[in-house]
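Protein chains in written order, with the working numbering: chain A, 1 to 110; chain B, 1001 to 1377; chain C, 2001 to 2531.
Note that these hints are calculated values from the structure, not bench results. Certain hints may be false.
Stated by the list, open to error - What the simulated footprint calls covered on chain C by chain A, stretch by stretch (three residues with Cβ under 8 Å from a Cβ of chain A suffice, anywhere in the stretch; the number is not a length):
{"hint": "1", "region": "2074-2087"}
{"hint": "2", "region": "2099-2108"}
{"hint": "3", "region": "2115-2121"}
{"hint": "4", "region": "2247-2254"}
{"hint": "5", "region": "2403-2413"}
Using N, Cα and C, we set each Cβ at its ideal position, and we do this for glycine too.
Each chain, letter by letter, is given below.
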Amino acid sequence: MIKVIRVAKIEPFIEKEDDGMIICRCEEITKGEIRRAVYEGMRTINEVKRYLRAGMGLCQGQTCQRLVQNIMAQELKTKPSELGMIQGRAPARPVEIDIFSNNITDVKEG
Amino acid sequence: MVEKRTADVIIIGGGIMGCATAYRLAKQGVDVLVLEKKEIGNGGSCRNAGGVRQSARDPKELPLAMYAVANIWPQLSDELGVDVEYHQGGNLRLGLTEKDQQVLTTYVKKSTDVGLDVKMISGDEARELCPYMSKAVVGASWCPTDGHANPLTTTLGFYRKALELGVTFVTGVTVLKLQKVRGMVRKVVTDDGIYEAENVLLCAGYESRRIANTVGIDAPIEKQFNEVLVTEAQPKMFDIMIGVAGGEFYGHQSEHGSFVLGGNSGLQAFTSHNDNFVTNSLTTPCISRGIIKYFPMLKDVKIVRTWSGFYDQCIDVLPLIDNVKEVPGLTVGFGFSGHGFGIAPAVSIALSELILKGKSTTIDISQLTYDRFKTKS
Amino acid sequence: MRRHELIVIGAGPAGLSAAIEAKKAGMDVVVFDENERPGGQLFKQIHKFFGSREHHAKVRGFRIGQELLQEAESLGVDVKLNSVVMGIYENKEVTVKKDNAVNHYKADAIIIATGAAENMLPFKGWDIPGVIGAGAAQTMMNIQGVQPGSKVLMVGSGNVGLVVSFQLLQAGCEIVGIIDAAPRVGGYGVHAAKVARTGVPFYLSHTIVEAKGTDCVTGAVIAQVDDRFQPIPGTEKELSVDTICVAVGLTPMAQLASNATCDIALLPQKGGHVALLSKCGETSVEGIYCAGDVAGIEEASSAMIQGRSVATYVCLKAGYLSEEEFQEKYDRYQAALGQLRQGMFSPENKGRNDFTVTDEGYPVSSNLLAHGYMTEDELDNFPAYTYKKAGVHPVIECTQNIPCNPCQDSCKVGCIKVGENITMLPAIDEEKKCVGCGMCVASCSGQAIFLVDETYGEGYATVAFPYEFIPVPQVGDQGTALDRQGKPVCAADIVEVKKSSVMDKTVVVTMKVPLAFVNSARFYKAGGQRG
Chain A
1 MIKVIRVAKI
11 EPFIEKEDDG
21 MIICRCEEIT
31 KGEIRRAVYE
41 GMRTINEVKR
51 YLRAGMGLCQ
61 GQTCQRLVQN
71 IMAQELKTKP
81 SELGMIQGRA
91 PARPVEIDIF
101 SNNITDVKEG
Chain B
1001 MVEKRTADVI
1011 IIGGGIMGCA
1021 TAYRLAKQGV
1031 DVLVLEKKEI
1041 GNGGSCRNAG
1051 GVRQSARDPK
1061 ELPLAMYAVA
1071 NIWPQLSDEL
1081 GVDVEYHQGG
1091 NLRLGLTEKD
1101 QQVLTTYVKK
1111 STDVGLDVKM
1121 ISGDEARELC
1131 PYMSKAVVGA
1141 SWCPTDGHAN
1151 PLTTTLGFYR
1161 KALELGVTFV
1171 TGVTVLKLQK
1181 VRGMVRKVVT
1191 DDGIYEAENV
1201 LLCAGYESRR
1211 IANTVGIDAP
1221 IEKQFNEVLV
1231 TEAQPKMFDI
1241 MIGVAGGEFY
1251 GHQSEHGSFV
1261 LGGNSGLQAF
1271 TSHNDNFVTN
1281 SLTTPCISRG
1291 IIKYFPMLKD
1301 VKIVRTWSGF
1311 YDQCIDVLPL
1321 IDNVKEVPGL
1331 TVGFGFSGHG
1341 FGIAPAVSIA
1351 LSELILKGKS
1361 TTIDISQLTY
1371 DRFKTKS
Chain C
2001 MRRHELIVIG
2011 AGPAGLSAAI
2021 EAKKAGMDVV
2031 VFDENERPGG
2041 QLFKQIHKFF
2051 GSREHHAKVR
2061 GFRIGQELLQ
2071 EAESLGVDVK
2081 LNSVVMGIYE
2091 NKEVTVKKDN
2101 AVNHYKADAI
2111 IIATGAAENM
2121 LPFKGWDIPG
2131 VIGAGAAQTM
2141 MNIQGVQPGS
2151 KVLMVGSGNV
2161 GLVVSFQLLQ
2171 AGCEIVGIID
2181 AAPRVGGYGV
2191 HAAKVARTGV
2201 PFYLSHTIVE
2211 AKGTDCVTGA
2221 VIAQVDDRFQ
2231 PIPGTEKELS
2241 VDTICVAVGL
2251 TPMAQLASNA
2261 TCDIALLPQK
2271 GGHVALLSKC
2281 GETSVEGIYC
2291 AGDVAGIEEA
2301 SSAMIQGRSV
2311 ATYVCLKAGY
2321 LSEEEFQEKY
2331 DRYQAALGQL
2341 RQGMFSPENK
2351 GRNDFTVTDE
2361 GYPVSSNLLA
2371 HGYMTEDELD
2381 NFPAYTYKKA
2391 GVHPVIECTQ
2401 NIPCNPCQDS
2411 CKVGCIKVGE
2421 NITMLPAIDE
2431 EKKCVGCGMC
2441 VASCSGQAIF
2451 LVDETYGEGY
2461 ATVAFPYEFI
2471 PVPQVGDQGT
2481 ALDRQGKPVC
2491 AADIVEVKKS
2501 SVMDKTVVVT
2511 MKVPLAFVNS
2521 ARFYKAGGQR
2531 G
């Protein structure tokens, strides 16, 4: 992670016309919420994710990570690559507890 | 912009302990700088199952737990302006066998011995409190005053409040060592140069030991691996914290509706300590089997994500919350051994008092000294 | 745990190609794919591919997929379908969900070939039903046989947007417009041209401002943008549409690589977060590799070669190839990849917009980039267009340096020459006599070749053009010729319709038009005014 110095913003939060637009569809998080989270101090994609749940829904950020990154980069006037990324975690697709409980470690067939 | 390199207090570790203490100090006008290696809350603070319990705690840390539950948690959302999702729905520890019952009875006695409201109840009584559990449950311990909260919003809520009150956070900086100047700790040497303060608070979770070593302080702390699984959102079923006598899993249903359930496979002590927080392929299946034993109706619920974290496990499963007399100016707050989240709001009060007044007056932490460790004979 | 020498994740072009290569060398390999059919994106691609013969040029994507599958099957490559790889763990352990169980496998080597996912573009109303990805529209049409909508706005003029627009037309949809915030068409000019000649308008320097509708899309508001891509107030236009297709790029699906603790970087040129790779495709975790779109967005042709190239290295490491054998194959594959990665649209030229002349020195058509079609005087700069001869002869409207040469191979007489460097524009050999077979017209994947005869007589000329729609015109039909912009220019009579299995469903239709329109008539529409 790159070095980031964080201090509170002095200027007030400015609302924008498209703040109501949904960005994270799975969790229904809006652009305004993301902008405000950044304003309040969230500086990495994981901090925004944990604060708002953007990227924590069923698609695990497949659709919104890029969009959230772009909004954050715009707000912070920085490059998207400096915001970290959502780590890929198992399971790559949602899987039932029942199926998980049925795990086979000695796969017989080819 | 002139970079801030000095402060009244430098806090090492941007987890909940560091953020909450920064907040408390800043509220009292103290100039605070927090140094964090990765991101806010990236360690244990955002990698726990959100338990806020008093039951089954060692009596030595119970004052912290009781103070937090009585005085802080119920109002914390208002105080921070962030929904910490605190629910005091009680805690059930379930048993399936006679042996389980014995284990649970011991837990209960430990808690009642120190005046906590915990008791044993029958399987039927447990099912009345939580109709979703299996008929196979024969009994449970029940603590109505335990609860759970959201560790992500709580940690970041404290962080945000601390920022608002003027705290400076510098993330992406690794502390290499501490250095004494004229007998007092003063310099925090990082990969980004030197930061200086008269007071240094070391609360960097499992990273703390290495840093403490650089000024000749050691603590019997070990990284211990644990995993959690998270499900898709489900309709609200219960508010109760769940644990099981055999320890196969524990957790709760979050406000979002997803179940957050931690557990281990029995092999975790020997699992890799890969810094990338990898998971082990056998753990989730093991936890899943445990879940189905107790909550068969959850079997079709989908697991969306699994993640892992490390306890900073102390040899006596208790934290070190103390001023380090032999290194004047150094205060420590680590070793929470996987159950620091619930007491964090109270720990921050103790830590801020240790720093500002030299001792904790509000809460009794007298048994959590940094040099308490004795040999067996 | 069952251990394999090689586990390939993803049975798309890269994954299958890698598995074929490894199996041929004798390795024990298994491929897991979460879908019920293999082939990845290949089976959705009903258009003809570019490149040269070794890159499967002029072959439709899905046929390439079929060939690949057949090769895999004949070699006995084990492809496990409906098998979701859930995670990659330490020591190259892989868990796979299959048949209601989690199966644990281990591998000596893993090739991640999971491809890419579509990007989304947020705008007001983007969450109303009817806003879909272009790739999703393609799946609906070409795999599921469902028309995605009737009146479509395509957002994005890259190759995906252009190709899918054409396919939407083939599926019977109306394309109300193709918009792009950039001032120029992003994809191949020929892809744009074949859409433009059907009458689809291009709105460059336009963005979508709003999708209208409550339960479903009923309209779209677009607006012109300034040089900072901000909508200019007052330029809003509302279009009546029921579907908005979004084609704004792809992002590699690198989650499994991230899960496996490979070092990941955000590289915009590659399309997003990708694992950092050695030149042999190995990630920072020894024994884990990436190939195909997951390694960086290119196309299926590149993915197939990459799969083979990476597998070759895996075979070397596993002891199945000698150093010499490996080097020979690797060099050959890299050369093939290098050929594809040339020209105006190469990965290294991505984002460049300063091309003013082609490699040959001809002025690049600005109209093509700004509107999707060329003007006659721009075409006059290109010899393969201006070349005239008595009798039938090819007229080639291919004006961008793209690695492609099926036109050269298609002409038995040797009229058309591209040369060693396949990005060069095709030239016509004046010595050779065209016999009017129409193979070049059918073989050009860009549908940019016409057969023209100005000497037809009686004040008429004939223009033969590629046609890939139904119903196919019949000899004797009377209709209207359209120009490159899709505007009616004159009456047209159909005088010949050529079909052959070699042409693979590209019908070569010849229309008779008044001589004055020989340079403008390039498409056909049934009906319309006569005279």
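Evaluation of the provided hints:
1. Counting residues of the region 2074-2087 of chain C whose beta carbon lies closer than 8 Å to any beta carbon of chain A gives 5, which reaches the threshold of three, so the coverage claim holds.
2. Coverage of a stretch by a chain is defined here by at least three residues with a beta carbon nearer than 8 Å to that chain's beta carbons; for the region 2099-2108 of chain C and chain A the count is 6, and the condition holds.
3. Counting residues of the region 2115-2121 of chain C whose CB falls under 8 Å from any CB of chain A gives 3; the rule of at least 3 is met.
4. Here the region 2247-2254 of chain C counts 3 residues with a CB under 8 Å from a CB of chain A, which clears the bar of 3, and the coverage holds.
5. Here the region 2403-2413 of chain C counts 0 residues with a CB under 8 Å from a CB of chain A, which misses the bar of 3, and the coverage is violated.
Figure legend: structure checked against the earlier numbered hints; the only hint not met is number 5.
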